[in-house]
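Engineer: Sequence:
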Amino acid sequence: MKENKPTDWAAQQTDAVHRMREGGGLPGLARAEQIAGKSGRQILEAMVSGELPYPPMNDTMNLALLEVGDGRAVFQGIPLLAHYNPLGSVHGGWFASLLDSALGCAIQSALPAGRSYTTAELSIKIVRSASHKTGPLRATGRLIHGGDRLATAEARVEDEHGKLYAHATTTCLVFDLSRRDA
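Residue numbers for the sequence shown follow our numbering, beginning at 16 and rising by one.
Accuracy of the hints is not assured; some may be wrong.
In the SDA-like style, the derived pairs of lysine to any residue whose C-alpha atoms are separated by at most 25 Å in a straight line are [said to hold, decoys possible]:
#, residue 1, residue 2
1, Lys53, Leu165
2, Lys178, Gly107
3, Lys148, Tyr99
4, Lys53, Gly129
5, Lys178, His147
6, Lys148, Gly107
7, Lys140, Arg157
8, Lys140, Leu96
9, Lys178, Asn77
10, Lys53, Asp191
11, Lys148, Asp30
12, Lys178, Gly108
13, Lys178, Gly103
14, Lys53, Thr186
15, Lys140, Arg87
16, Lys140, Met72
17, Lys140, Asn73
18, Lys178, Trp24
19, Lys140, Leu188
20, Lys53, Gly84
21, Lys148, Leu95
22, Lys178, Ile93
23, Lys148, Asn100
24, Lys178, Leu137
25, Lys148, Asp74
26, Lys53, Gly86
27, Lys178, Ser104
No wet-lab data here; the hints were simulated from the structure.
Using the sequences provided together with the hints, build the complete structure.
Structural biologist: Put into structure tokens, the structure is as follows:
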């Protein structure tokens, strides 16, 4: 049985954000000429390094992209009081944002230059509540199927000890970037 040893995930998230900002990264939208000719993975790696702006919602939701691989993306978030629902726990929308980010970027990481995606379906199961005392939660997204028109992925949200908080699947529409504004 694999033993999960806790690491300082909060420090890893702080380091990732610091590294990105040191590279010049700020919240915003990349211009078409900044992403032209880059694969999905190259775009994500450029966000991690600070070469390209990162999504502004990452600051709002206290999320950060930590790792990117072919068909894989790891996001981490630390829930804050600002993410609470009226019942006194972290809102399901925070989990949805964390999961949708990992799922979508897992798909994006496998796309060639000139292709993009949008979420068509998102199915989430929250199995444990979270609070601002929970600490960092990590969503690991993995590509299941990458087709020309549809792609699917799955993700899990776990804490530093491997405890499951939520899991999800997605179906995304895949399209040519040239047709995005058509």
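Engineer: Which numbered hints are broken by the structure, listed smallest first?
Structural biologist: none
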